[in-house]
Every structure is written in structure tokens, then in C-alpha cells.
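Enquirer: Numbering-wise, the sequence shown is residues 8 to 72 according to the working numbering.
Just to be clear, a hint being listed does not mean it is correct.
Dumping the calculated DSS-like pairs for lysine-lysine here, alpha-carbon to alpha-carbon at most 27 Å [unchecked claim]:
no.: 1; residue 1: 24; residue 2: 14
no.: 2; residue 1: 14; residue 2: 43
no.: 3; residue 1: 46; residue 2: 14
no.: 4; residue 1: 46; residue 2: 24
no.: 5; residue 1: 43; residue 2: 24
Rather than coming from a laboratory, the hints here were simulated on the basis of the structure.
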Amino acid sequence: MELEATKIAYRIDEAVKASGLGRSFLYERIAAGDLKSVKVGGRRLVLRDDLIAFLTSGITSAGNL
8 MELEATKIAY
18 RIDEAVKASG
28 LGRSFLYERI
38 AAGDLKSVKV
48 GGRRLVLRDD
58 LIAFLTSGIT
68 SAGNL
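Between the sequences and the hints, there should be enough to build the whole structure, so can you do that?
Expert: Below is the structure:
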């Protein structure tokens, strides 16, 4: 039995599935500087920890999202 390694970064479509947020919304938050991302080889990635931090920041400051 093979174990799948936990991803440390998501493509935008994967971040959409993982978070339940919309693609356009994630791009807007990236452009606004609210969600960190990196570009690697022409592909935009969101680090897992940055996605979690973004989502949990809404818990303490609801209404900012």
C-alpha cells in the first residue's frame, strides 16, 4: 500500500478544491496581497501553510473576506 505524501503547495485549481473558495476570488486575494503565492515555471502555486493562514485569518476577523 502506497501512502500519498501531503502536498506542501497547491495549483490554483487544487486550492479551489481544498478551500471551497472560487477561482476568481483566490486570484483577487492574491492580487490584493491577502493570499501569498509563488510562481514556479510559469505555474502559480499557493503554499499549504499560506492557504491555511488565509482561511484562519477570517475566523478572527470575519468580514474581511
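Enquirer: Need the status of pair residue 43, residue 24: alpha-carbon distance at most 27 Å?
Expert: This hinted pair holds, its Cα atoms lying about 17 Å apart.
Enquirer: Decide if the proposed pair is consistent with the structure: residue 46 and residue 24, CA atoms, cutoff 27 Å inclusive.
Expert: At roughly 19 Å apart (the allowed maximum being 27 Å), residue 24 and residue 46 satisfy the hint.
Enquirer: Please verify whether residue 46 and residue 14 have alpha carbons no more than 27 Å apart.
Expert: Roughly 16 Å separates the two Cα atoms, so the pair holds.
Enquirer: What's the verdict on residue 24 and residue 14, does the C-alpha distance respect the 27 Å limit or exceed it?
Expert: holds, 13 Å
Enquirer: Against the 27 Å threshold, does the CA-CA distance of residue 14 and residue 43 hold or violate the hint?
Expert: holds, 16 Å
In this structure, none of the earlier numbered hints is contradicted; all agree with it.
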